[in-house]
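**Student:** Listed below, chain by chain, are the residues.
Number of protein chains: 2
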Amino acid sequence: MAADSNSEYTLDSVRKALERQEDTIIFNLIDRAKFPLNSHTYEQHYATIASILNFLFRNTEAIQAKAGRYKSPEENPFFPEYLPKSVVPDYPFSKILHPGAASVNINKSIWALYFQQLLPLLVASGDDGNYAQTAAADLSLLQAISRRIHYGKFVAEAKFRESPKDYEPLICAQDKEGLMKLLTSERVEEMVKKRVEKKAMVFGQSVSLERDDDDKTNYKVNPSLVYRLYDKWVIPLTKEVEVQYLLRRLD
Amino acid sequence: MAADSNSEYTLDSVRKALERQEDTIIFNLIDRAKFPLNSHTYEQHYATIASILNFLFRNTEAIQAKAGRYKSPEENPFFPEYLPKSVVPDYPFSKILHPGAASVNINKSIWALYFQQLLPLLVASGDDGNYAQTAAADLSLLQAISRRIHYGKFVAEAKFRESPKDYEPLICAQDKEGLMKLLTSERVEEMVKKRVEKKAMVFGQSVSLERDDDDKTNYKVNPSLVYRLYDKWVIPLTKEVEVQYLLRRLD
Numbered sequence: 001m002a003a004d005s006n007s008e009y010t011l012d013s014v015r016k017a018l019e020r021q022e023d024t025i026i027f028n029l030i031d032r033a034k035f036p037l038n039s040h041t042y043e044q045h046y047a048t049i050a051s052i053l054n055f056l057f058r059n060t061e062a063i064q065a066k067a068g069r070y071k072s073p074e075e076n077p078f079f080p081e082y083l084p085k086s087v088v089p090d091y092p093f094s095k096i097l098h099p100g101a102a103s104v105n106i107n108k109s110i111w112a113l114y115f116q117q118l119l120p121l122l123v124a125s126g127d128d129g130n131y132a133q134t135a136a137a138d139l140s141l142l143q144a145i146s147r148r149i150h151y152g153k154f155v156a157e158a159k160f161r162e163s164p165k166d167y168e169p170l171i172c173a174q175d176k177e178g179l180m181k182l183l184t185s186e187r188v189e190e191m192v193k194k195r196v197e198k199k200a201m202v203f204g205q206s207v208s209l210e211r212d213d214d215d216k217t218n219y220k221v222n223p224s225l226v227y228r229l230y231d232k233w234v235i236p237l238t239k240e241v242e243v244q245y246l247l248r249r250l251d
Numbered sequence: 001m002a003a004d005s006n007s008e009y010t011l012d013s014v015r016k017a018l019e020r021q022e023d024t025i026i027f028n029l030i031d032r033a034k035f036p037l038n039s040h041t042y043e044q045h046y047a048t049i050a051s052i053l054n055f056l057f058r059n060t061e062a063i064q065a066k067a068g069r070y071k072s073p074e075e076n077p078f079f080p081e082y083l084p085k086s087v088v089p090d091y092p093f094s095k096i097l098h099p100g101a102a103s104v105n106i107n108k109s110i111w112a113l114y115f116q117q118l119l120p121l122l123v124a125s126g127d128d129g130n131y132a133q134t135a136a137a138d139l140s141l142l143q144a145i146s147r148r149i150h151y152g153k154f155v156a157e158a159k160f161r162e163s164p165k166d167y168e169p170l171i172c173a174q175d176k177e178g179l180m181k182l183l184t185s186e187r188v189e190e191m192v193k194k195r196v197e198k199k200a201m202v203f204g205q206s207v208s209l210e211r212d213d214d215d216k217t218n219y220k221v222n223p224s225l226v227y228r229l230y231d232k233w234v235i236p237l238t239k240e241v242e243v244q245y246l247l248r249r250l251d
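Protein chains in written order, with the UniProt record's numbering: chain A, 1 to 251; chain B, 1 to 251.
Hints in this document: simulated from the structure, not taken from any laboratory.
Quick caveat, the model's predicted, so the values are computed rather than measured.
Any given hint could turn out to be false.
Any copy, or any two copies together, can satisfy a pair, since identical chains are not distinguished.
Below, simulated PhoX-like cross-link-like pairs (lysine-lysine); rule was C-alpha separation at most 20 Å, straight line [what the hints assert, rightly or not]:
#	residue 1	residue 2
1	K198	K220
2	K239	K176
3	K232	K198
4	K85	K16
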């Protein structure tokens, strides 16, 4: 969801935005799973460049940076050290976040878990030669996951504004554990995990024209993997962003 | 679907691949429709570059070309005149197509219809400042539509192999109308159009956890627009590719 200057970043509207982002993540999971692993994509020096993934990822990020992508407070680059300046005029994004938000970027953790843990579970083994397309699919999926996780900044801001009196003493004490406990709602988390699992079933089914003949068993991405993605990584890392943001909230 | 060297390009397998590509097109329609029109994306000289769209599109294509994308017989660039050479070693894609296939590229027509006709129907008016993301969404969607339409080369090859005796005299006579008539199956086309409309309903619904509480009316992309996209543009342009391919088939 866009940081429209008219939108209210209430906890409710922030959750609606997260819900919408789930669809994008699942679409991108399905589109990456179209390709097998294609391990040459990730090998150093398979081509006359470092690796196809790194070449494509860093250069695409640089182009998007020049086109203004990272001026949005919702976007966070994976390789900030390589980015050229935007050539696009400033847009009045609403300034809802504390300025400390700019220094919260956990994309290195997201990168590591994606390639080391998620990808091997997501794709079949094999090689179909479509390395550039594979790297582009990795990029889109990683951008969608990163946006979702860093949206934790907006979640934290909304929670803080709802009950500043509860958060302020913990922030003053820089009490990470206390903050983590205060911002955790197991009921909401369980609902999110069940919803993404259901979405994986709905979006990953084979749709046929005959009513009730849709194949609801042979999903394009395993729904339990999507549950696990949120359970083990997306939700914990979002909360990590929330805590990091809150620790800076009174600076 | 990848041009795996073991796969058979029968009419049946080609149609399965087209069916799978429908999902990708609809996912990308939904993801583009997340953003409003964002007309600054398309304006000349809004930024200190020709237009944000052109800058992002041409440079991203160039990076993907260098990473080997256009070595696949399923991929066709929009700006072939700007492409650097691939730096990736050759992959043994199956050589199923006649060499004349390489000269069939109708992306200029696809580009024109996309920006002049489809886009204004797909997105809401407005401006949320996310121009780079908008251009990236246009790129992914155009690539998916282009791949589907140029897959007509494989469709035509499969049809030709099924009944060469029917096609040969029309090809010798360079009879475009005769070829168009021979390769048209209104029954199949109607089925495809109804299926993509249904897929737009399934993938574009709001999924909620409560059974039977999914919102099946407020779709993220109008299903009748997806029907129309296939009816007016995707299917006719795929057949245009088929005819262009067949006219070269006996060269």
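**Student:** Next step is simple, just say for each hint if it's right about the structure.
**Tutor:** Here is how each hint holds up against the structure:
Taking the shortest Cα distances, K198 and K220 sit within 20 Å of each other both inside one copy (13 Å) and across copies (18 Å). For the homomeric pair K239 and K176, the shortest alpha-carbon distance inside one copy (11 Å) is at most 20 Å, but the shortest distance between copies (61 Å) is not. Taking CA atoms no more than 20 Å apart as the test, K232 paired with K198 passes inside one copy only; the shortest distance there is 17 Å, against 34 Å between copies. In this assembly of identical chains, the alpha carbons of K85 and K16 never lie at most 20 Å apart, being 32 Å within a copy and 44 Å across copies at closest.
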